[in-house]
Amino acid sequence: MLYRAISFMCPSSTRSSTEKYQKHEPFSFCFFVCSSNRKSKPPIVYRGSDASKVFMEAVTKEAREIEKLYSINKEIFPLSSEKEKNSTTLLLCAMLAVEFLQ
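Residue numbers for the sequence shown follow our numbering, so the first one is 1 and each next one is one higher.
Don't read these hints as lab results, they were simulated from the structure. Mixed in with the good hints there might be a few duds.
Below, computed lysine-lysine pairings styled on DSSO-like, alpha-carbon distance capped at 27 Å [unchecked claim]:
| hint | residue 1 | residue 2 |
| --- | --- | --- |
| 1 | K41 | K74 |
| 2 | K74 | K61 |
| 3 | K68 | K53 |
Make a model of the complete structure from these sequences and hints.
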């Protein structure tokens, strides 16, 4: 039988065993914003040399728009005494037709 020595490099804890020889720059991106109420915006797609900068600007813009939506406070009107009594004594969900857990 013929055996051959296999050489390998053990990772060093003091220095990297890899060498950088290329620089990668993002050239494009695509993302879309969706919500739990199934409303979504069309995807935002970009291709170009400054993709990193444009991506950060687009994501920041979307985040600010989302923040505005969450900052809208709607006043909650109190339930009538009859509706409040009904809501505390219900055993079955009218929409899902399932029992509430105790």
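With a cut-off of 27 Å on the C-alpha distance, tell me whether K74 and K61 pass.
The hint holds at about 24 Å.
K41 and K74: Cα distance at most 27 Å?
holds (24 Å)
Just to be careful, I want the Cα atoms of K68 and K53 compared with a cutoff of 27 Å; is the pair within it?
The hint holds at about 23 Å.
Hint compliance for this structure: every hint is met.
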